[in-house]
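From first to last, the protein sequence lines stand for chains V, D, Z and C. full-length UniProt numbering applies: residue 1 is where the first sequence begins, and numbers increase by one. full-length UniProt numbering applies: residue 1 is where the second sequence begins, and numbers increase by one. full-length UniProt numbering applies: residue 1 is where the third sequence begins, and numbers increase by one. full-length UniProt numbering applies: residue 1 is where the fourth sequence begins, and numbers increase by one.
I should point out that these hints are in silico values taken from the structure, not numbers from a laboratory. Wrong hints could be hidden among the right ones.
To be verified - Distance windows between CB atoms, simulated: (1) LYS13(V) x GLN18(C): 16 to 26 Å; (2) ARG93(C) x GLU28(Z): 48 to 58 Å; (3) PRO73(V) x GLU39(C): 33 to 43 Å; (4) PRO134(D) x LEU42(Z): 20 to 30 Å; (5) ARG93(C) x HIS136(V): 32 to 42 Å; (6) ARG10(D) x LEU42(Z): 13 to 23 Å; (7) GLN14(V) x PRO17(C): 29 to 39 Å.
Said to hold, decoys possible - Heads up, simulated EDC-like pairs for lysine to aspartate or glutamate below, C-alpha to C-alpha not over 20 Å straight-line: (8) LYS102(Z) x GLU89(C); (9) LYS102(V) x ASP120(D); (10) LYS13(C) x GLU39(V); (11) LYS87(D) x GLU15(Z); (12) LYS13(D) x GLU68(Z); (13) LYS102(V) x GLU117(D).
Stated by the list, open to error - Facing chain V, a subset of chain C residues (Cβ under 8 Å, in silico): (14) GLY50; (15) GLU68; (16) ILE69; (17) THR78; (18) SER79.
Think of the CB as a built atom: it goes at the ideal place given N, C-alpha and C, for glycine as much as any other residue.
There are 4 protein chains.
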Amino acid sequence: MADKTEAIARFIKQEFPQTRVEVDAVGERSARVSQAVDESDLRPGGTVSGPTLMALADVALYVALLGEIGIVPLAVTTSLTINFLRKPEASKRVIGECQLMKVGKTLAVGEVSLYSEGMDDPVAHVVGTYSIPPAHLR
Amino acid sequence: MADKTEAIARFIKQEFPQTRVEVDAVGERSARVSQAVDESDLRPGGTVSGPTLMALADVALYVALLGEIGIVPLAVTTSLTINFLRKPEASKRVIGECQLMKVGKTLAVGEVSLYSEGMDDPVAHVVGTYSIPPAHLR
Amino acid sequence: MADKTEAIARFIKQEFPQTRVEVDAVGERSARVSQAVDESDLRPGGTVSGPTLMALADVALYVALLGEIGIVPLAVTTSLTINFLRKPEASKRVIGECQLMKVGKTLAVGEVSLYSEGMDDPVAHVVGTYSIPPAHLR
Amino acid sequence: MADKTEAIARFIKQEFPQTRVEVDAVGERSARVSQAVDESDLRPGGTVSGPTLMALADVALYVALLGEIGIVPLAVTTSLTINFLRKPEASKRVIGECQLMKVGKTLAVGEVSLYSEGMDDPVAHVVGTYSIPPAHLR
Chain V
1 MADKTEAIAR
11 FIKQEFPQTR
21 VEVDAVGERS
31 ARVSQAVDES
41 DLRPGGTVSG
51 PTLMALADVA
61 LYVALLGEIG
71 IVPLAVTTSL
81 TINFLRKPEA
91 SKRVIGECQL
101 MKVGKTLAVG
111 EVSLYSEGMD
121 DPVAHVVGTY
131 SIPPAHLR
Chain D
1 MADKTEAIAR
11 FIKQEFPQTR
21 VEVDAVGERS
31 ARVSQAVDES
41 DLRPGGTVSG
51 PTLMALADVA
61 LYVALLGEIG
71 IVPLAVTTSL
81 TINFLRKPEA
91 SKRVIGECQL
101 MKVGKTLAVG
111 EVSLYSEGMD
121 DPVAHVVGTY
131 SIPPAHLR
Chain Z
1 MADKTEAIAR
11 FIKQEFPQTR
21 VEVDAVGERS
31 ARVSQAVDES
41 DLRPGGTVSG
51 PTLMALADVA
61 LYVALLGEIG
71 IVPLAVTTSL
81 TINFLRKPEA
91 SKRVIGECQL
101 MKVGKTLAVG
111 EVSLYSEGMD
121 DPVAHVVGTY
131 SIPPAHLR
Chain C
1 MADKTEAIAR
11 FIKQEFPQTR
21 VEVDAVGERS
31 ARVSQAVDES
41 DLRPGGTVSG
51 PTLMALADVA
61 LYVALLGEIG
71 IVPLAVTTSL
81 TINFLRKPEA
91 SKRVIGECQL
101 MKVGKTLAVG
111 EVSLYSEGMD
121 DPVAHVVGTY
131 SIPPAHLR
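This is chain V alone, in the form it adopts within the complex (with noise of 0.2 Å):
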């Protein structure tokens, strides 16, 4: 499992260089990704932006995803519901958890909980579903 999570992280790393986002773990249809707040995600009132949690959900998924389709790059987003729940602290890493719900043959499906590090409830929770390509291409 550690090999598969530093194998992710690497090809996120690479494919993603302006990415500020940490691969912490890839499970069992899994992942638990997190990022520093800085500056450029800060919105007045000392919150988090909305953009930031959802690019940080979007990663989770895919890395999710990639720890069970194997590392293609042709998966890509199809769709992304979002609902903030409570306000993100500026001062905390935020953290996207990430499970599948199902990986079928075209199209997966899996929900993120994000969260202030360190806090109980959910900052936003999120929806998201991925075109897989065909068995074939992988």
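Got chain V sorted already, so can you dock chains D, Z and C onto it with the hints?
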């Protein structure tokens, strides 16, 4: 807890006499409801219709919410997102397990996993939001 | 166009004998369907139930899609997001106006505005996705 | 109308100094915003990132809402559903056309179609909801 479940089950029966959904349990920010599948729920190919699943999820959210804010007939669904994951079994009850993620001053958000009874993998997943009445009207 | 509408209306009646939805028009990546509201659709307060609206939207999407890919009974709804906007009128037909935004190789996406007949403002809005069969199976 | 657009554009620049989104027009329950695509928005394959599109749509909704309720910095996004429809062009501005469907007492709902400049078909579609402050706080 059993008393709360019973009181809410009675309310649902009175308020929605036409529903076939049964309230199985109301817990901490959570609820479990279920429904027998009959002819009117079926679709070609022996599957359970989307609207049947959506209606069940909607009741699950409503019941979990009543468990938190008390039996006040003023909460209304404002949005609902469903992802269909697997074909439900025509011959099995459908079950909805709801977990509320937020119960705020004016808005509640929850998710529901829907199952065919006895199956491990969900047949559908719902995220719904409810508008809740201000505290002085409850 | 009238022929296409008629053929699809006939197919819907055959395939879904229990539906009360009527196919009014099938156009360019679009469709209009409607339904009389009866006792079973009503909810306390004299409003039309959410599941009735969702079911109507689902048929609107399906009908618009059949208008594009031909009458093939293999397309299945993969997701549906509904926002409830206003209280529908208990005494008026509900109408669904669907516009497809994408008809791809494996996925179609469309939106549906739902109205109480004769009203200007929509009572609900739906975005739905359909998984469509590969071309050689249609 | 031009004055309203200008006032809101100025507010957005002040409140969100880091945004690159430009407010092009604010109309009747509607708004048009756009953004040049730069290196930081691109993804492998020469496409525009999902978070860039989501952020643009979020601003479009916010701007349209400010056009209705006045410039009050208290509205917050509560949910956002995006469907990705086509690959955006890396070399073109992205444009967001927002139409509000409801501006209620506590909740607003709108949709945004996102385009690559000069293209007919949308690259993505968003439905978003905003929680709006009670009238006496505006």
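- Message: Given a hint of 32 to 42 Å, does the C-beta separation of ARG93(C) and HIS136(V) actually sit inside it?
- Response: 37 Å Cβ-Cβ, so the 32 to 42 Å window holds.
- Query: Has the given pair, LYS13(C) with GLU39(V), been kept, meaning a C-alpha gap of at most 20 Å?
  - Reply: holds (16 Å)
- Query: Hint check: is the beta carbon of GLY50(C) less than 8 Å from a beta carbon of chain V?
  - Reply: GLY50(C) check passes; min Cβ-Cβ to chain V is 6 Å, inside 8 Å.
- Task: Take a quick look at whether LYS102(V) and GLU117(D) sit within 20 Å of each other, Cα to Cα.
- Result: Holds. LYS102(V) to GLU117(D) sits at ~18 Å (cutoff 20 Å).
- Task: Could you check the hint for me, namely that LYS13(V) and GLN18(C) are 16 to 26 Å apart, CB to CB?
- Result: holds (24 Å)
- Using the beta carbons of GLN14(V) and PRO17(C), state whether their distance is inside 29 to 39 Å or not. Distance hint for GLN14(V), PRO17(C) holds at roughly 32 Å.
- Distance restraint between LYS13(D) and GLU68(Z), which requires alpha-carbon spacing of 20 Å or less: Violated, at roughly 43 Å.
- Task: Under 8 Å, Cβ to Cβ, is where GLU68(C) needs to be relative to chain V, so tell me if that hint holds or is violated.
- Result: violated (20 Å)
- Does the hinted range 33 to 43 Å hold for PRO73(V) and GLU39(C) at CB? violated (19 Å)
- chain V contact restraint on SER79(C) - CB to CB distance below 8 Å: holds (5 Å)
- Holds or violated: are the alpha carbons of LYS102(V) and ASP120(D) at most 20 Å from each other? holds (12 Å)
- Holds or violated: is there a CB of chain V closer than 8 Å to the CB of THR78(C)? Where the cut-off is 8 Å and the nearest Cβ of chain V is about 6 Å from THR78(C), the hint holds.
Consistency note: the structure conflicts with the earlier hints numbered 2, 3, 12, 15, 16.
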